[in-house]
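S.K.: The primary structure of each chain is shown beneath.
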Amino acid sequence: MTKSIYDQLNASGTVAKQRVVETFSGSILDTDRWNTTFNGNGTTAMADEVDGGLKLTSSDNASGAYMINFNDKRQYSNSGCECIFVGKRTTTTNAQMLGGFSSSTALTGDVIAVKDFTGNTYKQLVYAKNGSWGTAINTTVAIDVNFHNHKITLSSSSGTLSIDGLTAVTNSSDNLPDSALQPFFYSGETSGASASIISQIRYMECYNT
Amino acid sequence: MVFPSVYEMTNPLTTVRKQHFWEYFSGSTIISNGVEWQNMTDGQSASANQLIKSGTSWTADATGTRTFSSSEGAEIEFTVSQSATDSFCGFDISTNTDSYNMDYALYCGGGGTINIYANGSQVSATGVSYTSADRLGVRMDSSGTVTFLKNGAVFYTSSTTASGTYRVNATIYTSGVSLNVNMNSRWAITNFGGGAGATAMADEVNGGVKLTTSGNRSALQFNNKRQFSNTGSEIIWVVKQAGSGANGAVGLASNSNGYFNSGVHVDFPTSGNSNFYTLNDAGAGSYTSTGKNVSESFSYHTYKMTCSASSQTCTIDGDLSSTVTRDNNQDPDEKMQPVALAYNSSTTLHLQYCEAYNT
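Chain order of the listed sequences is S and F.
Following my numbering, the numbering of the first sequence begins with 1 at its first residue and continues without gaps.
Following my numbering, the numbering of the second sequence begins with 1 at its first residue and continues without gaps.
In isolation and in its complexed conformation, chain F is listed as follows (with noise of 0.2 Å):
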């Protein structure tokens, strides 16, 4: 049978379709997104995700458009055109549009060294030393905690927590630089136990993106958009593990955290059977063996489960490994979002495909 549509290959048009999300991990990078500009002043002007200084100046300013609050966070990745030269990049609070005086900016200096700034204040010469080869970054965490970042590695944390609502904020003073930003993608990671997680795509046949992280727990997730219920959604992963005493976990969840809180969870352990898991927003649930080794989870499988309002469900490959009747007590009781989680160092997670759908 051909069908017209993807959504009718999924719904007859007679029904409105709820929130059906897939992605097949593939191609270069996982999906990024570029800074769109505007309040550009002063000889900034901008070309998609780039912008362009022309004249010397101080006192000029740009936002980028879309806003966000420190309860949500956002995280960005830039790179400068030229080494030695003078631009700030950071957040700002989103009504501001006043040079470099924002709340939390890394400035490039002109003496090829990082120094931190807040406020138009100087509160951190971090000695760190950038070229126009290095992707750089501040992140905004969840809690409000914001990060600078040189090729993915944290050199600084600021000692101020975010509060309010922020947008991203850039002041070039030299002629003829120019930044290109690029904000936190489709998929964000939130990071815990000091380290930072990662992703990149595999060159390996039927590889996927791989999650890593070099802490003791990184999540791959929406970024608190929760758009699927607790009490009629489904998500399929198809995933494996890879490393000496991996320990990875993916299901759905409300928080970010990489707990799992409101949700259903598969967790490869390092040893013992799989498990699934269902958990309150509290934290409290049970879990039941899948029956299905850990070692098998070196493997990719398809990890297939269900909240209803009657019970959480847990397939692999087809076929049903557990099921949780719903007791109003330790089931999913918020709505959810995919997470994808590295428990440690040693794990990398291949994803190779997620779809997550209301029912």
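Isolated chain S, as found in the complex (with noise of 0.2 Å):
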């Protein structure tokens, strides 16, 4: 009997949400689903490597930075959404990988994600509500240059963060998105040196719940 990816996704009698899986493979990264946002430039490519999904490398501009994300095209609730990301910072230094949800293309809005970033001891969750960070929280897990799986579930009430099928932390506090949001994935430099930096993503999944 042949089965529907529907039937093995939503219980009977369900209406499907919004959803997106992304498997970053192929010649060059599908630009007709996914914008790209930069500054001073910066480039996309799928890597020539087993397991190397996409790779954003930003310009080696000051400050440079490359995100791929929708537009602006905001499907995803505030209030009950997820995103399931398989990615990595790759470069060692000055540098840090974001990835979640966003309400805009320049993280000035609402966001909720998870950074790594170089300049941390471990991976973070953070969050923005209409541009106002909340504190970073500090997972248990050590930054480095490994793909991991990201798991961020968004409710009206809270965020957490799984790293690996392990459930990271949880924010229930303020600084939560109030907003529609869309799927977005950062590489970018920090320290005002000149460096392009790496980030590489292989997988990307988001729902509504």
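Don't read these hints as lab results, they were simulated from the structure.
Don't take every hint at face value.
As the list claims (entries may be wrong) - Residues of chain S clear of chain F, computed beta-carbon distances all greater than 12 Å:
#1 T14
#2 T93
#3 A106
#4 N130
#5 N149
#6 S191
#7 R202
What the hints assert, rightly or not - Incomplete in silico selection of chain S near chain F, CB under 8 Å:
#8 V21
#9 D30
#10 V86
Here the structure is a predicted model, which is why all the values come from computation and not from measurement.
Note that the Cβ used here is the ideal one computed from N, Cα and C, for glycine as well.
Take each chain as given, in its own frame, and dock them per the hints.
M.R.: As structure tokens, then:
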């Protein structure tokens, strides 16, 4: 018997909500789906590496950054959505990787994301509401340059980050997003020096709950 | 059982998912991509992949954001909004922003014909006409050969081999004219034997996408983005071929030239049985019969090929047909990409589904 993907993701009698699955494979990034925003140009390229996924390289300008997003097509609910992505920061110095949900392509509105920053000791859950960033919450997972599975669960009352299937931290205080969201992944320079920063992503799935 | 996510259908969250790709070949066309423009000057502006000119001048410039090397190649296809106007579109060294002085330029001239330019000088008055209905293209293959196309047919090949890192580049002279430019897609086609490969979604129940060639070999592949392991990966193709004298193949391979070096593939010859091949990067290897007469390839079957550290296997519709024990001599020895191949102009491959993943 043929089983549909629909039936494997939705209980009988329920109506599927918005969902996107991206596998970051093939010749190049699907730029019909993904929008790119950047400070100082930069590039995206599928990695010619086993399990390499998509490689985002920021420009070598000071504060260079490169980001993929949905060009402000915000279909994910701040009161009930999840994002699963497999990604990593590749550059080892003066670099940060961010991935999760944002209401703007400039990260100036609402955000909930995981942050791997070379200036920190641990990966963090970061979040903002109307451009006001809350205090980042440290996980107990050390920063590194390895691929991890990151899952962000956002409800009307809390935001939770799990890494590799284990709940890391929950924020149930303030500064949680209060507007509709889009997925994003970001690679950026942090020191003001001139250096290209590379981060990679090989899977992203987002859905409303 | 209902899964909360596609991720958890195939992986527990406690494992970090490896590269895993799938595609149902369905829709209007195979996935395409618009060029994203930057460095726009002198009256040129962009709306998505459309580059628009305001005012007349030869000094305008715009470049694509994506770079590509001459060893990976790229292809653009574009339309011009008005016939008998003046615009250039092609490839230039990535750091250049010098108007129409691009290395490989297709010039749509005011006389309604196409000329080829290199570094600001005309190298060929082709006499090929164009209108706003024509699909014009510039293709750089992975050996650096640059060809120019109209509606999918090559009409000029550059005598200068590309070398270095390039971007898409465009200059529009005529005010109000626009170019809609797309780059090559998730899937790329490489051609050999003087022909051209093409894909088209089939307007048929269960038709998938059709791969054809006018030459003796055209391969649909990932443009040498090889993310699948020669010692731990699997690929599933749902495919059939059509046409008297058809000869196609599907599998995984390191190269994009249709020879499946460092790879595994099932080939559908013009007679006899289908065979399962394993080859190393030098092209040495072996094959075993699948036990299926090639006549069966004219109906859809599911071909699953597995590469592990100890062997390569092929199953057809769930039944194991061939196993090749790895002897470290004639086995895949480089990272791989999905490949489908039409060997001759009699072949139409119907590709309905492809899934590849590392194990």
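S.K.: Are the hints correct? Go through all of them and say.
M.R.: Status of each hint after checking the structure:
Against the 12 Å criterion, T14(S) falls within the reach of chain F, whose nearest CB is about 9 Å from its own CB. Distance to chain F confirms T93(S) as a non-interface residue, since its nearest Cβ pair spans about 23 Å, more than 12 Å. Every CB of chain F lies more than 12 Å from the CB of A106(S), the least distance being 17 Å, so the non-interface label holds. Distance check on N130(S): its Cβ is at least 29 Å (rounded) from any Cβ of chain F, clearing the 12 Å threshold; non-interface status holds.
Distance check on N149(S): its Cβ comes as close as 5 Å (rounded) to a Cβ of chain F, failing to clear the 12 Å threshold; non-interface status is violated. For S191(S), the requirement that its beta carbon stay farther than 12 Å from each beta carbon of chain F is met, with the minimum near 24 Å. The claim that R202(S) is not at the interface with chain F is violated, since a C-beta of that chain comes within 12 Å of its own (minimum 6 Å). With 8 Å as the threshold, the beta carbon of V21(S) comes within range of chain F, its nearest partner Cβ sitting at about 5 Å, so the hint holds.
Annotation: D30(S) was flagged as interfacial toward chain F, and the flag holds, the nearest CB pair being 6 Å apart, inside 8 Å. Because the closest C-beta pair between V86(S) and chain F is about 5 Å apart, less than 8 Å, the hint holds.
Hints 1, 5 and 7, counting from the list given before, are not met by this structure.
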